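Student: Those protein sequence lines, which keep their order, are chains C and R. One rule links them: number in the numbering used here = place in the first sequence (from 1) + 5. One rule links them: number in the numbering used here = place in the second sequence (from 1) + 5.
Read the hints as simulated data drawn from the structure, not as lab findings. A couple of the hints might just be wrong.
For identical chains, the list gives no copy identity; a pair is met inside one copy or between any two copies.
[As the list claims (entries may be wrong)] For lysine to any residue, the following SDA-like pairs were computed, each having C-alpha atoms within a straight-line distance of at most 25 Å: (1) K114 x E305; (2) K46 x Q30; (3) K75 x G228; (4) K75 x Q152; (5) K75 x E302; (6) K46 x P73; (7) K114 x A43; (8) K250 x L98; (9) K227 x S84; (10) K250 x M324; (11) K46 x G99; (12) K46 x R325; (13) K46 x P254; (14) K46 x P111.
Keep in mind that this is a model prediction, so the values were computed, not measured.
Number of protein chains: 2
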Amino acid sequence: MAGDVPVNIDMIRAAAHRLSGHARQTPLLSSPFLDEIAGRKVLVKAECLQHTGSFKFRGAWSALTALPAKAQGVLAFSSGNHAQGVAYAARCLGLPAVILMPADAPAIKIANTRGLGAEVVLYDRANEDRDALGAALAQARGLELIQPFDHPQVIAGQGTTGLEIAAQARAEGVTNAPVLVCCGGGGLSSGIALALEADAPDMQVRTVEPEGFDDVAQSLAKGAVVTLPLRTGLCDAIVTPAPGKLTWPILRRLCAPGLVVTDAQVLRAMALAYERLKLVLEPGGAVALAAALFQPEALEGDAVIVTASGGNVDRAVFMRALQAGGEDADR
Amino acid sequence: MAGDVPVNIDMIRAAAHRLSGHARQTPLLSSPFLDEIAGRKVLVKAECLQHTGSFKFRGAWSALTALPAKAQGVLAFSSGNHAQGVAYAARCLGLPAVILMPADAPAIKIANTRGLGAEVVLYDRANEDRDALGAALAQARGLELIQPFDHPQVIAGQGTTGLEIAAQARAEGVTNAPVLVCCGGGGLSSGIALALEADAPDMQVRTVEPEGFDDVAQSLAKGAVVTLPLRTGLCDAIVTPAPGKLTWPILRRLCAPGLVVTDAQVLRAMALAYERLKLVLEPGGAVALAAALFQPEALEGDAVIVTASGGNVDRAVFMRALQAGGEDADR
Chain C
6 MAGDVPVNID
16 MIRAAAHRLS
26 GHARQTPLLS
36 SPFLDEIAGR
46 KVLVKAECLQ
56 HTGSFKFRGA
66 WSALTALPAK
76 AQGVLAFSSG
86 NHAQGVAYAA
96 RCLGLPAVIL
106 MPADAPAIKI
116 ANTRGLGAEV
126 VLYDRANEDR
136 DALGAALAQA
146 RGLELIQPFD
156 HPQVIAGQGT
166 TGLEIAAQAR
176 AEGVTNAPVL
186 VCCGGGGLSS
196 GIALALEADA
206 PDMQVRTVEP
216 EGFDDVAQSL
226 AKGAVVTLPL
236 RTGLCDAIVT
246 PAPGKLTWPI
256 LRRLCAPGLV
266 VTDAQVLRAM
276 ALAYERLKLV
286 LEPGGAVALA
296 AALFQPEALE
306 GDAVIVTASG
316 GNVDRAVFMR
326 ALQAGGEDAD
336 R
Chain R
6 MAGDVPVNID
16 MIRAAAHRLS
26 GHARQTPLLS
36 SPFLDEIAGR
46 KVLVKAECLQ
56 HTGSFKFRGA
66 WSALTALPAK
76 AQGVLAFSSG
86 NHAQGVAYAA
96 RCLGLPAVIL
106 MPADAPAIKI
116 ANTRGLGAEV
126 VLYDRANEDR
136 DALGAALAQA
146 RGLELIQPFD
156 HPQVIAGQGT
166 TGLEIAAQAR
176 AEGVTNAPVL
186 VCCGGGGLSS
196 GIALALEADA
206 PDMQVRTVEP
216 EGFDDVAQSL
226 AKGAVVTLPL
236 RTGLCDAIVT
246 PAPGKLTWPI
256 LRRLCAPGLV
266 VTDAQVLRAM
276 ALAYERLKLV
286 LEPGGAVALA
296 AALFQPEALE
306 GDAVIVTASG
316 GNVDRAVFMR
326 ALQAGGEDAD
336 R
């Protein structure tokens, strides 16, 4: 991998070739009711319908089909979407996968990750060092660590979403529109930005983050990485403290100013995705739709494209969205 | 239209041609967790992602693009999925649509139908005769009545779902499997059965109905139409009293014995579609999935295909499903 250009369009196209027939080409959905709220055509790339319920399967498949020859299996840290993507891709490819999770992770997440065929190793968040434990495991068993976003082949895999967006939007007659992307560490945003640069030069990525977790928006505004305190929030899938080392230079070069939405807007967007698209979105997967619907003045043009990046949401949170979003969605 | 054969495969292929680029080719989804419950591969045709949230858009588009030249517009009775399909297809085609709905229909359904561009005419269920009112309206304004299932071009349109199932299942390596179809009047079931007869002769339709509303299953068992009392139930979209005049001869000729599921199974299937597929299903759209998951002994082979025919469900009912289905889905 050249140090200067760790990810490029050729790698994304190669990843698309490896993903073909394995990842789903998710549909680009729309609803006249959402268009009316937004005041423009809203096209929704439904990555919640991807295997394991989020786009993360793409990056995992891409990385696992480009492993160094010496790798005996793979290792990931996470209790979330990345872990599920890695676990299922590994199972499909017949590779051992070890997922390192805190012992106090929800039982359902541990069960789901095991259900997808991974070996789950639990650690004590208070008394053990995750990174040291992971490094020791990786060395002892010949495992390759798959980072959730700062990994060239993961970014390339997520970028295949952008190739599909370019082609599917063109089929709908849309070639010039902002592309709103739910943004944590920036793997999906940077991958899509690279894909659009090549295949849809009149489309530009706008990252979308939840209020209080807008490290990428602040970084883009300042032109330098801003790091925020690490905390948790409603949009748990995307509450990273800072853009990644590999993703930041791409985001900085290619993205327009970042957008920031409130938790209330996120819950309303989830209720509207339920009502009008029949999709289950998790909070972190609904931020882009929230921006398209409730911040139309921040956008230009007669169409907007949004990623709906995941749907792995606890039942209690989903019901809260249906209750909170009720008034708007029923109007 | 030949009297003996009101619908045939050529009409379905012609409808597919007219629908191309207008109806969505909905995805065929799956989840390893559902496969495990069912004990075989479960492929889910996600028609809840069709325009207006159900397969009904297909039949509506098919009928509206094959209107007699004299028609000045279209008329439909219904407060449900058929009305929404007709309203939206008419709006896209620039045709006037009148939907006759009872004045006591839920406000949200009236608003939605108007929101899709139709003129809603309300009538008093107790004191007015819907059919007479409709006939008078149709004659006065030159409107063509679009029946929800007993209409050759509607059946042909629904049959396009079967053409897609045959092709998409083949792409997944499945050519021999039962195809479970949510069944009310039989428009979708009969259309799919005709399509499979031509394109996937080793796939046979099994109709699925809710307990207490199994007029088609009883009719198939008896070899003659059985009519049940008209009532309402959880699966409101498919609680018809008898198979249709046009659909019955097709169902009788082509379908294997009908399946019947309980309301509890339907609610659990809705919760699992939420959890594992990220899809919103209405009760009537979840009966086929319920049969695949909870009546595996009634099926043969290592794969089953199910239609998930619609997702237009009141929030309260959906939350009830999430609560009722909790134990199973979280296991």
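Student: A separate judgement is required for each hint: does it hold in the structure or not?
Tutor: So, going through the hints one by one against the coordinates:
{"no.": "1", "hint": "K114 x E305", "in the structure": "neither (40 Å within a copy, 33 Å between copies)"}
{"no.": "2", "hint": "K46 x Q30", "in the structure": "both (21 Å within a copy, 20 Å between copies)"}
{"no.": "3", "hint": "K75 x G228", "in the structure": "neither (39 Å within a copy, 65 Å between copies)"}
{"no.": "4", "hint": "K75 x Q152", "in the structure": "within (18 Å within a copy, 64 Å between copies)"}
{"no.": "5", "hint": "K75 x E302", "in the structure": "neither (52 Å within a copy, 46 Å between copies)"}
{"no.": "6", "hint": "K46 x P73", "in the structure": "neither (44 Å within a copy, 33 Å between copies)"}
{"no.": "7", "hint": "K114 x A43", "in the structure": "between (35 Å within a copy, 21 Å between copies)"}
{"no.": "8", "hint": "K250 x L98", "in the structure": "neither (29 Å within a copy, 51 Å between copies)"}
{"no.": "9", "hint": "K227 x S84", "in the structure": "neither (32 Å within a copy, 54 Å between copies)"}
{"no.": "10", "hint": "K250 x M324", "in the structure": "neither (37 Å within a copy, 42 Å between copies)"}
{"no.": "11", "hint": "K46 x G99", "in the structure": "between (42 Å within a copy, 19 Å between copies)"}
{"no.": "12", "hint": "K46 x R325", "in the structure": "neither (28 Å within a copy, 33 Å between copies)"}
{"no.": "13", "hint": "K46 x P254", "in the structure": "neither (31 Å within a copy, 43 Å between copies)"}
{"no.": "14", "hint": "K46 x P111", "in the structure": "neither (39 Å within a copy, 28 Å between copies)"}
Going down the numbered hints, you'll see the structure goes against 1, 3, 5, 6, 8, 9, 10, 12, 13, 14, while the others check out.
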